[in-house]
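Asker: Chain by chain, the residues run as shown.
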Amino acid sequence: MSAARDATTTRDEILSRVRSALSGRTGLPHPGPLDTQGEGGVGALSSRLERNGARVERLEPGAAPGEWLSHLLERLVHEREPSIAVGHGVPARLIPPLPSAPPEEASVGISVAWGAAAETGTLVLPATEGRRVQLLVPLHVVWLEKEHIHARLGDALDSTRQRGLGAAVGLHSGPSKSADIGRTLVTGVHGPGQLVVAVL
Amino acid sequence: MDVRSRDYADLARTIIEDTPGVRKAVSGATAAFDAARRRAYAEIDAEAWRRWAEGVKNHVLTHLDQYLEEAEARLQENGAKVHWAGNAQEARHIVAELAQARGVRSVVKGKSMLTEEIELNPALEERGIHVYETDLGEYILQLLDEAPSHILGPAIHRSLEDVQALFADRLGTAADALPDDLAAAARTELRARFQEADMGVSGGNFLVAETGTLALIENEGNIRLTTSLPRIHVALVGIEKLLPTFGDLAGFLQLTARAGTGQAIGCFVSLIQGPATAPGDDGPEEVHIVLVDNGRTDVLADEHAWETLRCVRCGACLNTCPVYKQTGGHAYGWVYSGPIGAVLDPGLLGLEQTAPLPFASSLCGACFDACPVRIPIPDLLLHWRRAAQARGLTPLSERAGLKAFTAMATRPALYRYLGRVGPRLAGSSLFRRLPVLSGWTEHREPPEPSPRRFRDLWSEGIGE
Amino acid sequence: MKVALFVTCLADHYFAEAAADAVRLLRHLGCEVSFPNTQTCCGQPAHNAGMAEEALKMAEHTSGVLKDAEHVVVPSGSCAAMITKAYPALGLGNGPSSRTWELGAFVRRHLDIASLGRGLEGRSVAYHQGCHALRELGLETESIELLEGAGAHVVDWPSATECCGFGGLFSTKMPPVSTAMADAKLDSLPQVDWVVSGDPGCLLQLSSRARRTGNDLRFRHLASVLWEAADGRA
Ligand code: SF4
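In order, the protein sequence lines correspond to chains A, B and C.
Quick note: to get the working numbering, add 29 to the position in the first sequence (first position is 1).
Quick note: to get the working numbering, add 582 to the position in the second sequence (first position is 1).
Quick note: to get the working numbering, add 32 to the position in the third sequence (first position is 1).
So that you can see chain A by itself, here it is in the shape it has in the complex (with noise of 0.2 Å):
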């Protein structure tokens, strides 16, 4: 018997397990959406960003993004010449001019969400700027404009959806945490131990 035919046979198997366990038991209805009403705005998003530990910042009025966010860093990381990892497509007036690296060795990554959740403080971040940039930096900056911003992650996930899921989504809500060693809350474990998003 060949692999394949093993396979096929295998699944031929569950399948009929599960309708056989099925057979004269009602099918139940979907409930429908489920209605979570979240609240919206920037308001609503940095509290909720700011309970999941990440920082929001608003781009001062007038002032040039990338200048901008280049002071904000000075404050934020404690190294002398911080380097960045940028995701593919980002426009070039939201980069920092600081010296660029790889996502590997780079302080700081710079990325812009394809959208946000209020009720959750969900950033959404596509595959597609390179998922690198995303994870590996110690400090991950998130560019976001603020007609992106949803109440409800249903709505979040909805609008991501007609734009195209590719291969993957992020959804990034807070720093990388774990309480597993002697439950006290360390940041930073894997991902990005500091979660800043800069609002637009």
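Please keep in mind that the hints were generated in silico from the structure rather than gathered at the bench.
Treat the hints loosely; a few may be bogus.
[As the list claims (entries may be wrong)] Quick list of in silico lysine-lysine cross-link-like pairs, BS3-like style, CA-CA up to 30 Å:
(1) C:Lys34 x C:Lys89
(2) C:Lys99 x B:Lys985
(3) C:Lys89 x C:Lys117
(4) B:Lys985 x C:Lys89
(5) C:Lys99 x C:Lys117
(6) C:Lys117 x B:Lys985
(7) C:Lys34 x C:Lys117
(8) C:Lys99 x C:Lys89
(9) C:Lys34 x C:Lys99
[To be verified] FRET-style restraints, in silico, Cβ to Cβ:
(10) C:Lys117 x B:Arg813: 25 to 35 Å
(11) C:Glu153 x A:Arg54: 52 to 62 Å
(12) B:Ala995 x C:Glu85: 19 to 29 Å
(13) A:Arg54 x B:Glu743: 45 to 55 Å
Please read all numbers here as calculations on a predicted model, not as lab measurements.
Every residue gets a Cβ at the ideal spot worked out from N, C-alpha and C, and that includes glycine.
Start from chain A and add chains B and C with the ligand according to the hints.
Answerer: Coordinates of chains B and C with the ligand only, in the frame set by chain A:
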């Protein structure tokens, strides 16, 4: 993992008596989780959310064949490969063969109870493949060669001191290193493993049929790394993990987090459709989804126990369980412990191997109130108890005792007569020797009977 | 109002005075109390052990005993839950279920009494809510309201709603776990005059464990404390 559930009572006794640190660590950790869950439920209309989630899962389970086929078709369209495993051995075989055929030398893993259930790691190691657990708790346990004791916090039975000693020995950290330093040492060690791994192995929290989306929830980022860095990603997914539509995800992601840790959502969620093909995406070239039955269709066929398949493995029932708290998960003798383990393990493994588990409960009902998908765990405990009694899997003395009591208590005159003398024997040496009753007096004083029974007081006349 | 007392097997033998106090209290509140003499046990031990046939026999027996009762009052939340929740599940939907009350709930909700008197003035009390009263019958505040209404200070007990570890057969089948549960409750207990509960099983568990560990706390059944509240006796 060898099944040792038959020894529940002995395992529990040993843990309580010989390793009091476990009870302390587990009680503390679960109390914190449970309090966070209560606060998180209070922020939402928890009752409505739980009923909704129960409804969605009931719908998917009663149409499971259709949704499995739909998920398979979508995943294939997305470029993922779908495998089917009828049992643990087939699942191990699929992953091990795949690894070998692709020349995989090392594997990084995200936390997955299903890979514990099917004992994947030894099967890979047997073929000379290195396997690295990357969840911090799982990593600690791998170094200790121990099984997880909790669905969400696999190492909650271990104290800071335990980890300090372990890491000092294995990673060369200071004997009094702080949690931050310990985590940093693990991060450095594991970062190198991530970069050299050819294959990442994960479980799956949900699999959305409509879009072929595998959803994974976590807080550390290790699962995102596991599913992004190595060139091959393999996910092991129980067939009960399906969700019908993409629109269902938002509710489940939130409710699962609120139930498990009290968070609004996990810090990281991966939504994976297939391998990376688009420009810019540095994700895996291959994505394999292994759909695992391993007893689940048997559970589905049980007209009561099928409800356990709604479980989203949030751990809320463990955190709120006063029985689980005293021992942690190892007493249950298998992968799934606590209230859900007590009703799921008999379904997956058979009652012969697990008969004591449904009795490892005071039937306090706290688990049902915590469960985000409203699994009627107390009713199911009774369901399995009835099955165990009917099949003679309990001590004969227990059954005989209850039969005798019933025979007496349905004969009021006899009951009245024996009731006059029975309780008075409680303090006597005879009482202490009866098998059922010695269980009482081993750790407690005998109960003190009233000098006169109520019915005697009644017949004499109760004055105000 | 006519009330039949279902005393329960445990209260009959171990809390006889408390059950008598329940009668005194109910009479004091204007009820005509009867005690159907052929009553024995509600069947919960067999039911919880998974002995389906025996549980059904007991439930049928008890349903028969209580068939003419207008209201049934039970000085045990657990046994009240057995009669109201498990009997219908066993197929005895027309039995006494809908007419059965746990004592505190009967006084507070059915008789709608907020204060029985001031007999508990100055007393500090820890109230243990039995799990079945709490989660199956949904009784959270009834007895506490009565205690407070009589002047008692019901203390904040972090583990007030946690299981004492009794669980009937569980207590003798898994003794180390069961007693560890009792210890967890007792360890978090603040300084009080009495530990009060409406459940004889929980009181036996907690008091027997406390005595073994050399703890001289005073445990009292709700019925006696409520009678004291109404009567003002010490
Ligand atoms: S049974 Fe319910 S509470 Fe327990 S782990 Fe499963 S989903 Fe969570």
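Asker: None of the hints should be skipped; say for each whether it holds.
Answerer: Now for the hints, and whether the structure bears them out:
no.: 1; hint: C:Lys34 x C:Lys89; in the structure: holds (27 Å)
no.: 2; hint: C:Lys99 x B:Lys985; in the structure: holds (24 Å)
no.: 3; hint: C:Lys89 x C:Lys117; in the structure: holds (16 Å)
no.: 4; hint: B:Lys985 x C:Lys89; in the structure: holds (10 Å)
no.: 5; hint: C:Lys99 x C:Lys117; in the structure: holds (17 Å)
no.: 6; hint: C:Lys117 x B:Lys985; in the structure: holds (23 Å)
no.: 7; hint: C:Lys34 x C:Lys117; in the structure: holds (22 Å)
no.: 8; hint: C:Lys99 x C:Lys89; in the structure: holds (15 Å)
no.: 9; hint: C:Lys34 x C:Lys99; in the structure: holds (13 Å)
no.: 10; hint: C:Lys117 x B:Arg813: 25 to 35 Å; in the structure: violated (56 Å)
no.: 11; hint: C:Glu153 x A:Arg54: 52 to 62 Å; in the structure: holds (60 Å)
no.: 12; hint: B:Ala995 x C:Glu85: 19 to 29 Å; in the structure: holds (22 Å)
no.: 13; hint: A:Arg54 x B:Glu743: 45 to 55 Å; in the structure: holds (51 Å)
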